[in-house]
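Q: Hey, can you work out the whole structure from these sequences and the hints?
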Amino acid sequence: MFGLKRNAVIGLNLYCGGAGLGASGGMLRKLDIKNEDDVKSLSRVMVHVFSDGVTNWGRIVTLISFGAFVAKHLKSINQESCIEPLAESITDVLVRTKRDWLVKQRGWDGFVEFFHVEDLEGGIRNVLLAFAGVAGVGAGLAYLIR
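Letter 51 of the sequence shown, counting from 1, is numbered 51 in full-length UniProt numbering, and no numbers are missing.
FYI, nobody ran anything at the bench for these hints, they're computed from the structure.
On a predicted model such as this, the values are computed, not experimentally measured, just so you know.
Each residue gets a CB set at the ideal place from its N, CA and C atoms; glycine is no exception.
Derived pair list, reagent style DSSO-like, types lysine-lysine, alpha-carbon separation capped at 30 Å:
#, residue 1, residue 2
1, K72, K30
2, K34, K75
3, K30, K75
4, K30, K40
5, K72, K98
6, K40, K75
7, K98, K34
8, K72, K40
9, K40, K104
10, K40, K98
11, K34, K72
12, K98, K75
Derived CB-CB ranges, DEER-like:
#, residue 1, residue 2, range
13, T91, V127, 36 to 44 Å
14, A132, N78, 51 to 59 Å
15, R125, V47, 40 to 48 Å
16, S51, L128, 42 to 50 Å
17, V54, A130, 38 to 46 Å
18, D100, H48, 16 to 24 Å
19, R125, R99, 37 to 45 Å
A: Listed below in structure tokens is the structure:
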């Protein structure tokens, strides 16, 4: 039982660690995951993401990213058998606690619409062309002033 609480505390520290998940490799190494029950202890972290009652796509992505980060760690310590239970645990938390919100947002279609960016490449191209045009005009004026 102590191991379950310990994993939940470490998981919360990983989630709440202001420096981001990438800087928390040391915390991941402290996770003591040897079986499915140990993975289930992380569900406390997953529920904590929404503990203030706020649900949005950013938090959903955070939860899934947290799971991916832990899954990568599990693979690195040869605990691949715990990855599927981890994914099931994340899915369970989302379906059990956020089903209505996800349906209201139209699921992944809503996610794609929320994060959709209009032709980013075209925008960058336009900025570069405008810069080149201004630079060309500036060079032309400098040549004429000489």
